[in-house]
Amino acid sequence: MGLDRRAFIKFIVGGAAGTLFTPIPWKLADDSSIWSQNWSWIPRLKSGAVTADATYSKLCSAGCAVKVKKVGGLAFGVKGNADNALSQGGVCPLCANGAQMLRSPARVAGPLKKDGSAFKAISWDEAEALLADKLKGLKGQSGKVAAISGDGSGTANEVLSGFLAGLGSSAYYYMPSDQTTMAKAWNGIMGGSGQIGYDLEGADLVLCIGADIMDAFGPTVRNQKAIAAKRPIEGDKTVTLLYAGPVRTRTAAVADTWVPVSPDGGAAFALGLANLLIKSGKGASLGGFGEFAELAAKFGPDAVEKAAGVKTEALMTVAKALLMAKNPVVVVGSGSGQGGGVALAAAGVALNALLGSLTVLPEFPKAVSHAPDRSGLLAKDVVAWLADVDAGKAPTPEVLFVYEANPAYALPQAAAMAKTLDKAGLLVSFSTYMDETAALADLILPAPHPFERLDDAQSPYGLGKATYLLATAVAAPEKDCKSTPDFILGLAGKLGVDLGFGAFEDVLKAKVQAIGADWDALAAGGAFVSDRKGSAQADLGASALAKAAAAPKAQGTLLAALDHLNIGTGALATPPHALLTVRDTELYGKDLFVQMCAATAKSLGVSEGAKVKLTAGGSEITARVALNEGVMTGVVAAPLGLGRTAWDPFTKGKGDNVSKILAVSAEPGTGYSVWAGSAVSVAKM
Amino acid sequence: MDSKLFPEGIERCSLGKFLAWLGFIAIGLAWGGYAAGVIFYKGIGVTGLDNYFGFGLWITFDLAVIALGAGAFFTGFLKYILKIDQLKNIINLTVIVGFICYSGAMLVLTLDIGQPIRAWFGYWHPNVHSMLTEVIFCITCYCMVLVIEFLPLILEQKQLNKVPFLHHLAHQMHVHMALFAGVGAFLSTFHQGSLGGMYGVLFGRPYAFREGFFIWPWTFFLFVLSAVGSGPVFTVLVCTFMEKLTGRKLVDFKTKSLMGKIAGTMLTVYMFFKLLDTWAWATGVLPHMGLTFEQMFYGTIYGQWMFWTELVICGVVPAIMLITPAIRNRPCLLYLAGILDCLGIVINRYVFTVQTIAFPVMPFDKWYTYAPNWAEWAPSVMIIAYGFLVMSLSYRYLPVFPQEKGLSGK
Amino acid sequence: MEEKKGTKCCGGFLAFVLGFLLSVVAGWVLFPGMLYSELDQPIPFSHKIHVEDQGLTCDSCHFFREDGSYQGLPTNEQCSGCHSEVVGQTQAEAKYVQEYVQKNKEVPWLNYQYQPDNVLFSHKAHEPFECTECHPDVAKADKAPKYYENKLSGYSKQTMKMWQCERCHAENGVSNACHVCHK
Amino acid sequence: MHAKEFKIRWGMVIDVDKCTGCGACMVACQVENNIAPVTPEVDAWAGVAYDASNKLRTLNWLTVYEINNKKAFPEYEVAYMPRPCMQCASPACVPVCPVVATDKNEEGGIVSQIYPRCIGCRYCMAACPYHARYFNWFDPTWPAGMAKALSPSTSTRPRGVVEKCNFCHTRFQQAKDKARQEGGDPNSLADGAYNTACAEVCPSGAILFGDLNNPAHKVHALAHSKHSFRLLERLGLGPQVYYYSKREWVHRLGDNYLPNEKKA
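Residue numbers (the working numbering), protein chains in the order written: chain Y, 1 to 685; chain S, 1 to 410; chain R, 1 to 183; chain U, 1 to 264.
Here chain Y stands alone, though its shape is the one from the complex:
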């Protein structure tokens, strides 16, 4: 019997039928469905003991007391440190990404040197030799070595500024923030010492003028916890929260009252309140009170309505609430966390003084004795300095260090500022991530991620008590990074600059000892809180204030730039996981959205979704319109933190950078660079 075609077909059919009586089809169907549970290209979980180590996370500007959760020794998550008063278990939306940001695609893997338009990897030794060589010739030349720091609280600043002082330079600057504005007012104009604090824990009324305390002002987790503690879910509220500002921000959303105040009207509003308080018999023991009262008297309700857009009735209501409260606290700031005027800051101090709630935190003793005083440095004006450099009025730095900051992106009129930064002979970025400044730098010396390093925080701005916190390395290093202060100490040693320490750990130990705190308790995540009060002696500085407050009101549409912590900070682009929290009324696809109310949109001739061009300060951005009745008439609100040109594919090229159109002007009377509430022209595209 030959195997012809038909027989073969029958053979095959028989085979197929037979297969049905074997496990083959059934087992294969089952196993392939099991295979679909465990596709090899989908990552597996790690197993092992789950542990949590406490540290202080400085991913957000003020920092969060956290516990880093690990599985089998590898960090995978973050939770709050319930035992630390700053956290009480809470974490901010940025620090919640801490473990993921350890392995962010934007991390710089090791020291890099600019080579043409690209970067070349070099060793730490090479980097040190290169810098030492460059700095050797600059020692003793004033203004040739400069630094910009974005870390308002760390002792690392002492090492860096001490090092600069050792090289004969005093060009040490902090990135602009509400803290620096307040330092300019309190430590500069008013001649006070220490740091202004806000005792939210003890307050029965909190009035926020501009300061978005629930979102981005100061240590937000502590702010939220402090307010929440006095507003139990059931039972009586023991704190009233008032918000005054041009936009119904997150603070306003949970406030008892929102008082719309035009973006440039904060100072007038505060002075108007001061006037009413003084009229009700309130006084302050600060110097120059009489002069101040005279100034405040100029801000009667009508003047305030004109300057700030606040109705008399609303002003009276707030004043009355302040008078009725036992422990009212006024928190002032800018909705964007920067660029606010000295006038508003000073008026805030004055209001608190009138209300008897002026809180001054003493400075902790320095560890690096050569280092200049922090408050003096904070009061300096980095924007004005860079403008001077650009104009040739100040020497162009040969070496410019950038620590924990991203000035090329985050300074007002960012594009122009980046150009000035690029003029520096050697721009050195100590950045953990490939941010815009690092991308511009000639040398990138990556700092470890906050979980990989030893660091500290002394009284993050916004707290009500002098507080000291320690951050320890709780995660294994992911990249070839070196702690910046350690690197600087090494460099100092090479250049013969004696800072008194060889390692940053010793600096911090000395600091902790000087403070009188316990290292082990701090390393375990505890906070050292001092009840000591700083001196509240100062002058109200009314003459400067008078000129500042008399500044002509900006005309046209005003810009209210908003700082939202979940979108990131100037120094940290939106982490990949935080992108989900960015609303589609802020960013959609590649389009930035700016918010305005229907009345404003109508007067500008634009409608929902329309593409617009916003121009100010010689720069422009493009955006789409989102209607939002929570924005005052005549105001355009825009979120900061988008429009990245460096970082990773998650954020690069998404939206536009609102910092570009923050138009800087010099505040009359103080000369301080201000940009909050600047005018912007909106044109339909």
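Check before you lean on any hint, since a few could be wrong.
As the list claims (entries may be wrong) - Facing chain R, from chain Y, some residues (calculated, C-beta under 7 angstroms): (1) T19; (2) F21; (3) Q37; (4) N38; (5) K46; (6) A49.
Said to hold, decoys possible - Here are the simulated lysine-lysine pairs, DSS-like style, with alpha carbons at most 30 angstroms apart: (7) U/K4 with Y/K611; (8) Y/K311 with U/K70; (9) S/K42 with Y/K27; (10) U/K70 with Y/K237; (11) Y/K237 with U/K71; (12) Y/K611 with U/K71.
Said to hold, decoys possible - Simulated restraints, written as ranges between beta carbons of each label pair: (13) S/Y368 with Y/L28: 39 to 49 angstroms; (14) Y/F8 with R/G72: 49 to 59 angstroms; (15) Y/P232 with R/L39: 56 to 66 angstroms; (16) R/E166 with Y/R44: 48 to 58 angstroms; (17) R/E106 with Y/D30: 28 to 38 angstroms; (18) U/D191 with Y/P552: 55 to 65 angstroms; (19) S/L393 with R/S37: 39 to 49 angstroms; (20) Y/A17 with S/L393: 40 to 50 angstroms; (21) R/K48 with S/M144: 57 to 67 angstroms; (22) R/G72 with Y/D30: 21 to 31 angstroms; (23) Y/Q141 with R/G81: 51 to 61 angstroms; (24) U/P259 with S/Y368: 20 to 30 angstroms; (25) R/G81 with Y/K120: 37 to 47 angstroms.
Keep in mind that the hints were calculated from the coordinates and are not lab data.
For glycine and all other residues, C-beta sits at the position ideal for the given N, C-alpha and C.
Given chain Y, work out where chains S, R and U should sit, using these hints.
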């Protein structure tokens, strides 16, 4: 070339022309095949579906073809169970159309589910409470019935029929066809009803939800009735389309008109209950949920025009046209009524699928719109091309139309 | 359609039967062997030496942590408590110390009861049961049993299937809700 | 629609008046449950350019909705409404699943699911009026190295399956194991012994979690407060998540009301 394979005494176009026609069909198949490849490799993220619109074009397509394919079971029921003998002229076509619709729907479903490897879980781990389980079981079972009904037609192919065994097999199957027609009618009624129930039970979706009696049996029978009210005329339309395409008379107009009458009657019954149901929904179900009729519609894409088009222009109007003998007996009006009827059913399936889930139930949520993209259109086109292919081959090689020889001569 | 007659009816039937039988044999005899790879543990571990000679108990290495989670297969951290250097004479131990302890690498032990990530099994909840109700009794074994890995699904042949878990749960009145066993 | 009774009923009370919409809960949820960030390039490969800004495609078990009183400036008010899975007493999603990939059958009343069983038909998504269920449109991808240590709490899911919030169920198991280890009763956990990632991380304490049936748990009394309401209550799903607000307009947005209808 292949004339030996043609049905007895029938002429067909040249093989070359036929191959060119197949080539044209192949374009549609290839496009859909490519899309299917991308979808299997990458996942259905490549489609225009999203979290708000988990059901879209594909499900609409499935529901629509399953409704329109209902001509098969209903005509079979009338022919074999109720013995309306005239329907023998078109019964083969209804079976083929039914087969194409059901097998096509199943093909789309394998694309539509996220994990096709697990498709068999529907049988192995069934949830007896789920309408979808019923649908899965009934559709597959009924598809098998359709295969059994289709088989004798294939076996009657001129050459195959020469094999005595196959000849007898075909004959025996014909003898017992009433049984299959009965089983088919039972299964179909069941799953057409379940398809209606699939939406009726969504108590979180006010657009589709009906309460108690209005789910069972009301919604179930609305779907059954709408299917039998449109399936027969769809077969007539397919037949007429084929006649126009081939230039040959295939079925006499009397039969077509009868089919129109059948569909028209069912459609009239359907519209009666549908209008009652809609009225009860608008004045009872919705207010009970705190909603108004107007809130169910949005903009143009989900506007009221579609609602009225479905119910009046494509519902009441064709129903009247089909039950009025004077209108029904004029070919162009019969076809127009048929088109309106089928369109109405497609709109019905579309709004139940898409508008149901488009309506923002949470008061602070908003309407989103959905539009299918190429990755959904391509497989749908593929299924249509597949239908054309099966139909073309059947027409060329199988004795589908008993009247063709008599009507067209030669 | 040239040929009118092929093989005789019974001849065709024979081919059918032949195909049928061959595939049945292949399916039952060859297929299981083809589906699994036979593997050995990376280090031949002797429970006998550890238990009988060294007097260790089961929970010296397999123990509950403070939070109630279970330390299944020991890691270097525990093993190197004794084996930071070579302490015995076996080749296996020398290999372990050299290749894993000194290189600070975990041993990729093969888990006979391997369950994928989507399964959440609490040893604590099953503490009242004998280990050997689910695991092979290796406490006294000198040699680790062979490991059979399913080439398609990557599971161990001995991995307990879901229906087995479900049956025991049902018998003991424990919920069979998805999350009871899945994460 | 017959609700099964449970001795323990895990639930939430979310204080809408406290929530600032900061987003920390959403981040914590993604980290705890291994929700991969939307990787733009991967989607671009497939010819679809989606990123995290397309909220119709993103996967977030917990979504914070921004709601408002629909008035013009300056009467305009906003509130934030975090929306986890409601773990309904009569879930719309469970009876529709054709393959029993989801059920509500465990003490505690959490609507549970099993990803390896899900065939991805998305019927449950169509059924849920809260949009609490999400679909894996693509395979999850983490940026290189980020998946080195994923959370041990939740398995990674392949494309093509549906998922949703499960009240961090693994933490429930862990809490029970811990209770057993310490000789306690796993069926009577103390308030706080089992807490979800979102509630744990929330800086304003807006999310409270516990056993709604247990008077010793804070949520028990709060759920019965006159200020508490549930989303779409009259559809009869019986959510185990309560919202708390003293604002009338927030309550009115919690359900559909006819124009002149008073809130019950």
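Here's how the hints hold up against the structure:
| no. | hint | verdict |
| --- | --- | --- |
| 1 | T19 | holds, 5 angstroms |
| 2 | F21 | holds, 6 angstroms |
| 3 | Q37 | holds, 6 angstroms |
| 4 | N38 | holds, 5 angstroms |
| 5 | K46 | violated, 10 angstroms |
| 6 | A49 | holds, 6 angstroms |
| 7 | U/K4 with Y/K611 | violated, 52 angstroms |
| 8 | Y/K311 with U/K70 | holds, 23 angstroms |
| 9 | S/K42 with Y/K27 | holds, 25 angstroms |
| 10 | U/K70 with Y/K237 | holds, 27 angstroms |
| 11 | Y/K237 with U/K71 | holds, 27 angstroms |
| 12 | Y/K611 with U/K71 | holds, 25 angstroms |
| 13 | S/Y368 with Y/L28: 39 to 49 angstroms | holds, 41 angstroms |
| 14 | Y/F8 with R/G72: 49 to 59 angstroms | holds, 54 angstroms |
| 15 | Y/P232 with R/L39: 56 to 66 angstroms | holds, 60 angstroms |
| 16 | R/E166 with Y/R44: 48 to 58 angstroms | violated, 25 angstroms |
| 17 | R/E106 with Y/D30: 28 to 38 angstroms | holds, 31 angstroms |
| 18 | U/D191 with Y/P552: 55 to 65 angstroms | holds, 59 angstroms |
| 19 | S/L393 with R/S37: 39 to 49 angstroms | holds, 46 angstroms |
| 20 | Y/A17 with S/L393: 40 to 50 angstroms | violated, 27 angstroms |
| 21 | R/K48 with S/M144: 57 to 67 angstroms | holds, 59 angstroms |
| 22 | R/G72 with Y/D30: 21 to 31 angstroms | holds, 26 angstroms |
| 23 | Y/Q141 with R/G81: 51 to 61 angstroms | holds, 60 angstroms |
| 24 | U/P259 with S/Y368: 20 to 30 angstroms | holds, 24 angstroms |
| 25 | R/G81 with Y/K120: 37 to 47 angstroms | holds, 46 angstroms |
Checked against the numbered hints given earlier, the structure breaks hints 5, 7, 16 and 20 and satisfies all the rest.
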